[in-house]
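2 protein chains.
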Amino acid sequence: MTTVSWVEVSEEGGFGVENLPYGVFSRPGELPRVGVAIGEHVLDLAGLSAAGLIDDRRCFASGSLNAFMVAGPASWRANRARLVELLTDEAHRPRVEPHLIPVADVKLLRPFEVADYADFYSSVHHATNVGRIFRPNSDSLTPNWKRLPVAYHGRAGTVYPSGTPIIRPAGQRRTPGEAEPVFGPSLRLDFEAEVGFVAGVPSPAGRGVPTSAFRDHVFGFVLVNDWSARDLQSWESQPLGPFLSKSFATSISPWVVPVAALEPARVTPPVQDPAPLPYLRCAEPWGLDLHLEVLINGQVASRPPFASMYWTSPQQLAHATVNGAPLRTGDLFASGTVSGPERDQRGCLLELSWNGREPLELDDGTKRTFLEDGDTVTIRAKAPGASGSLISLGEVTGTVHPTPA
Amino acid sequence: MTTVSWVEVSEEGGFGVENLPYGVFSRPGELPRVGVAIGEHVLDLAGLSAAGLIDDRRCFASGSLNAFMVAGPASWRANRARLVELLTDEAHRPRVEPHLIPVADVKLLRPFEVADYADFYSSVHHATNVGRIFRPNSDSLTPNWKRLPVAYHGRAGTVYPSGTPIIRPAGQRRTPGEAEPVFGPSLRLDFEAEVGFVAGVPSPAGRGVPTSAFRDHVFGFVLVNDWSARDLQSWESQPLGPFLSKSFATSISPWVVPVAALEPARVTPPVQDPAPLPYLRCAEPWGLDLHLEVLINGQVASRPPFASMYWTSPQQLAHATVNGAPLRTGDLFASGTVSGPERDQRGCLLELSWNGREPLELDDGTKRTFLEDGDTVTIRAKAPGASGSLISLGEVTGTVHPTPA
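Protein chains in written order, with full-length UniProt numbering: chain A, 1 to 405; chain B, 1 to 405.
A hint or two may mislead.
Just so you know, same-sequence chains aren't split out, so a pair can sit in one copy or run between any two.
As the list claims (entries may be wrong) - Simulated pairs of lysine to any residue, SDA-like, Cα-Cα distance not exceeding 20 Å: (1) Lys367 <-> Gln299; (2) Lys146 <-> Leu390; (3) Lys146 <-> Phe183; (4) Lys107 <-> Gly29; (5) Lys367 <-> Gly298; (6) Lys146 <-> Gly388; (7) Lys146 <-> Pro181; (8) Lys146 <-> Pro176; (9) Lys146 <-> Val182; (10) Lys146 <-> Ser234; (11) Lys146 <-> Thr175; (12) Lys146 <-> Gln272; (13) Lys146 <-> Arg174; (14) Lys146 <-> Arg132; (15) Lys382 <-> Val267; (16) Lys146 <-> Gly177; (17) Lys146 <-> Cys282; (18) Lys382 <-> Pro274; (19) Lys146 <-> Gly184.
Read the hints as simulated data drawn from the structure, not as lab findings.
Using the sequences and the hints, build the whole thing.
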């Protein structure tokens, strides 16, 4: 893909032909359908399909990507190649151009129906910081942490599209040292900057998905904000893990970046010591050089480097299925908070403010320990693409609204 | 409902007109559809509807109960009243009888599509036993346990209908005292006898479902076996709770018993001390006098009394939604293992064999610490119904198959 699109594309925008992420959009009075981002436009795949310009898979005039995601890698490859052809060969321009819609004119929706949602805990810097904050008198990493990618199941029904208002959750919390818990709006609302991948092709029960089969099942990547209520979390999480502190909302970005677009971003992940068990070994390097940025009210709060993640996506998938649990189309797996080794690379306020003890100062002089009502959190990311291009993962955003009276 | 059905119904069978649980069934070569159990028969609601004998809600010729569950309490009440009329008035017999199918001639399927699956931990006897087994040197109950109904999200995609083979999961375990974990089939496969309820009517985001609104949202109850791999569980669960040790399989019974059928089974639950926070208080008694039986290879292994549960179903639902998480149709909430105070009332082998130290002896002289390949576990339950009748919750069963090579 060294060719250039006839669609106007800014290099730094990250939506050239090397990317072509899939999403679902609507316009007033029209049904939702599948599109692909190119420059500042959405290419309407339902329209292209109806015009006979791409294969009619009966899956683009749909309110979700699920029908296309289940079609599998051969279909994904063929459609991607055809889209590149249509968008780079001037000969196709007259017939394709009518199906380009300015992205400003559409509403981007949740791109797929989430089947199950699991969230990992795969940044060694994040896990170490959290351990130091919450368990200062014991090892910061639990004994299992470097042996397996720790994870838990979240609530699929509250995975929301970017832009959905985030209502501050109420719940129980107990101040350390107090005997009685109290009930009320969370006082320690946080974001978590994460990257997720979504399964397209199901796997049968009783058989895991080995690390080598990652591309046969996974459709693409999204950005994830796993909103968290830290006060609820520290009170409720023993012995079965987080529940209400996470289940009120998880936001995902509208564009699903295909695995193929991120192949040039693959890098060698951190050395794993001790060596993982054989089912977690991976013949290829599957670190991903994604550069995340977290903005609070438009000001950069952190720049987490995804390449520093200890456990990689194929390892996460192999682990999640090694017990025989089948994959379903739409299964979403998030990485856990992405934090780098530096203070300004931490992916959540719990770490950035060290549990509220060291307020984070933003560029405009305002300070934050945790999120306030009205705050808008935006996570965006870029990665190296083919032919020296830049791949944008777009952004996921959400604004905090007060708990209803 | 003091009348008697013209369908032959044995009193001890528990499937009289006081019960009328809903399920989904199929016959060879026919599409799945909704039916109701009466005696030894299934009443075909799609057939009744096509014949104009019940309202055509376009939801009975369906492979799941979801369309009917979303219709809400007024529809549930009306349909129940009409079915009682049809099944007790001899005048209707000639037109209804053709829609009765011997249950032996049908295959019972998973009754509904599961949206999210959450599992509680609401038996004080179970939680105390588990605490004593795994944390012998600290308080058996965590500080939050009597303040809130502890729960975690499970995997909705592996909620299977009764009868689905249970493939022994593989995974990591570490023997206490050993430095290295090993990988292989679980050596401590267990069942958990539970009772679940399923939501029919969704609730909006940002608003919880108070205990008083339980009947406005919940369609009915099922039996649940939350299969568990104890060796995987103890190694993986810190700090985020169980994951692979639970996600391989959860089985549910085929008949969903309506809330209305269990009203006569409501009893005063155990006293809660300390008194729960206001959002967890319940004006009505919502203990349920369900008598569970667990059978291993046909021999009774335990008789857990559901009436001994510390947290009740309306409290569980109020808690799960108090953070603003909306309900979806098909959300399944399981109680957690039901254990009574007596040894022969414990709802899982972890407790029955005290983590393998005291093997359970079955009637035929065989002993079990944990489940062996080929073992069949069946959970069944009965409850008092209207007019002195008996309500059966049917049964959930599964046979353990070896891990594939």
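Going through the hints against the structure:
{"no.": "1", "hint": "Lys367 <-> Gln299", "result": "within (11 Å within a copy, 65 Å between copies)"}
{"no.": "2", "hint": "Lys146 <-> Leu390", "result": "neither (32 Å within a copy, 53 Å between copies)"}
{"no.": "3", "hint": "Lys146 <-> Phe183", "result": "between (36 Å within a copy, 15 Å between copies)"}
{"no.": "4", "hint": "Lys107 <-> Gly29", "result": "within (11 Å within a copy, 44 Å between copies)"}
{"no.": "5", "hint": "Lys367 <-> Gly298", "result": "within (14 Å within a copy, 65 Å between copies)"}
{"no.": "6", "hint": "Lys146 <-> Gly388", "result": "neither (34 Å within a copy, 58 Å between copies)"}
{"no.": "7", "hint": "Lys146 <-> Pro181", "result": "between (34 Å within a copy, 11 Å between copies)"}
{"no.": "8", "hint": "Lys146 <-> Pro176", "result": "between (29 Å within a copy, 17 Å between copies)"}
{"no.": "9", "hint": "Lys146 <-> Val182", "result": "between (36 Å within a copy, 14 Å between copies)"}
{"no.": "10", "hint": "Lys146 <-> Ser234", "result": "between (23 Å within a copy, 16 Å between copies)"}
{"no.": "11", "hint": "Lys146 <-> Thr175", "result": "between (31 Å within a copy, 17 Å between copies)"}
{"no.": "12", "hint": "Lys146 <-> Gln272", "result": "within (8 Å within a copy, 41 Å between copies)"}
{"no.": "13", "hint": "Lys146 <-> Arg174", "result": "between (31 Å within a copy, 13 Å between copies)"}
{"no.": "14", "hint": "Lys146 <-> Arg132", "result": "within (16 Å within a copy, 28 Å between copies)"}
{"no.": "15", "hint": "Lys382 <-> Val267", "result": "within (14 Å within a copy, 59 Å between copies)"}
{"no.": "16", "hint": "Lys146 <-> Gly177", "result": "between (32 Å within a copy, 17 Å between copies)"}
{"no.": "17", "hint": "Lys146 <-> Cys282", "result": "within (15 Å within a copy, 45 Å between copies)"}
{"no.": "18", "hint": "Lys382 <-> Pro274", "result": "neither (31 Å within a copy, 52 Å between copies)"}
{"no.": "19", "hint": "Lys146 <-> Gly184", "result": "between (37 Å within a copy, 18 Å between copies)"}
Violated hints, listed in ascending order, are 2, 6 and 18; each of the other numbered hints is respected by the structure.
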